[in-house]
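Trainee: With the sequences and hints as input, model every part of the structure.
Number of protein chains: 4
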Amino acid sequence: MNHTVREKPKLLARVRRIRGQLEGIERALEAEKRSAEVLHQIVAARGALTGLMREVMEGHINSHIANPQDPGDGTREQGAAELIAILRSYMK
Amino acid sequence: MNHTVREKPKLLARVRRIRGQLEGIERALEAEKRSAEVLHQIVAARGALTGLMREVMEGHINSHIANPQDPGDGTREQGAAELIAILRSYMK
Amino acid sequence: MNHTVREKPKLLARVRRIRGQLEGIERALEAEKRSAEVLHQIVAARGALTGLMREVMEGHINSHIANPQDPGDGTREQGAAELIAILRSYMK
Amino acid sequence: MNHTVREKPKLLARVRRIRGQLEGIERALEAEKRSAEVLHQIVAARGALTGLMREVMEGHINSHIANPQDPGDGTREQGAAELIAILRSYMK
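Residue numbers (my numbering), protein chains in the order written: chain A, 1 to 92; chain B, 1 to 92; chain C, 1 to 92; chain D, 1 to 92.
Hints should not be assumed to be uniformly reliable.
One copy or two, either will do: identical chains are not told apart, so a pair holds if it fits within one copy or between any two.
Said to hold, decoys possible - In silico DSS-like pairs for lysine-lysine, Cα to Cα no more than 27 Å straight-line: (1) K8 - K33; (2) K33 - K92; (3) K10 - K33.
Note that these hints are calculated values from the structure, not bench results.
Mentor: Structure (C-alpha cells):
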C-alpha cells in the first residue's frame, strides 16, 4: 500500500490545517491588518507547506525508491526519476 | 492608505487561488493519487505562496519604509524593524 | 558611511569563512568522500551564505531605505527599488 | 564506482567556480562597492551552490538508493536514511 494511503489521515489533517492558515490570511486581509502581521502569517503557512512537502517526499523515498513493495508502487527507476523531477522544480 | 488595503481585491484573489490549490492537494490525497503527483501540487502551491509573500513584502518596503504617507503607516524605523524580523524568520 | 564599509571587517571574515567551507567541499570531492558527507557540507555552506545575505540585506534596509545619511547612499526610492529587484531574483 | 568519483572533474570545476564567486564577493567588499551589487553577487553564488547540491543529490538518489552497484555504495536503506537526514537539515 502506498505511503500516502497509509498515512492519509495524518496528511489530510496537515493539509486542512494549512488551509485554515490560508483562511486566516484571507481574514487578515479582509480586516485590513498591518502588512507585517499578514507577512508573518504567510511565512508560517509557507513553513507548514514545506514541512508537508518534506513528509510526502520522505514517504516517496522509502516507498517508491528504496523499498517498493506493491506492483502499483512502480519501479525504483521511475520513483527516482520522479523525485529528481520534483527536486528540479523545487530547487530552482 | 495602506498598500494591502489599496491592493486588497488583487491580494484576496491570490490567497483564494492558493486556497483552491490546497483543496486540490486534499482531493488528490483523498483520491489516493500517486505521491509524485501530490508533490508537484505542493511545490506549485508553495511557489504561489512565495509569490504572494514577495508581493506583500514589496508593498511593505514601499509603504512602510521608503515612503510612509499616512500617520497609520508608522515610522520608517518601525517598518524597517518589521521587515528585518520577517526576513529573519523566513531566511532561517 | 555605507553599512558594508562600516561592517567591512566582520563581513570579510564571514566571506572568508564561507570560502574555507568551499575549500572543504573541494577537498572532500578530491578525497572521494561519500556523497552524503559532501551534501552535508554543501548544505552548511549554503546556510552560511544565506546568513551573510540576510546580514547585508539588513544593512541595506537600514542605510539605503529607512535612514540614508550620506549623499552617496542614494535616495530611498533607489534603495527600495534595489531591494525589490534582489528579492525578486532571490525568491524565484 | 561512486557517482561523485565518476563525475569528480565536473563537480570540482563547479565548486571552483563557486569559490571564484566568493572571491568576487570578497573583492567587492574590499572595494567598498554598493551593497546592492554585493547582494546580487551573493544571490548568484547561492544559486550556484543550490545547483551543485541538486546535482550531488541526484547522483546520490541514483547511486545510493535506486541502484547501488558497488559494495562500497552501502545499502538502499542507508542511502535513503542519509538523503532524508539531508533534506531535513536543508528544508528547515
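Trainee: Please sort K10 with K33 into within, between, both or neither, judging by C-alpha distance up to 27 Å.
Mentor: Answer is between; shortest inter-copy Cα gap is 16 Å, intra-copy 32 Å.
Trainee: Reference check for the pair K8 and K33, CA-CA at most 27 Å: within, between, both, or neither?
Mentor: Classified as between; 11 Å across copies, 35 Å inside a copy.
Trainee: Should K33 paired with K92 be assigned to within, between, both, or neither, using CA atoms and 27 Å as the limit?
Mentor: For K33 and K92, the Cα distance is within 27 Å only across copies (25 Å; inside one copy 32 Å).
Checked against the numbered hints given earlier, this structure breaks none of them.
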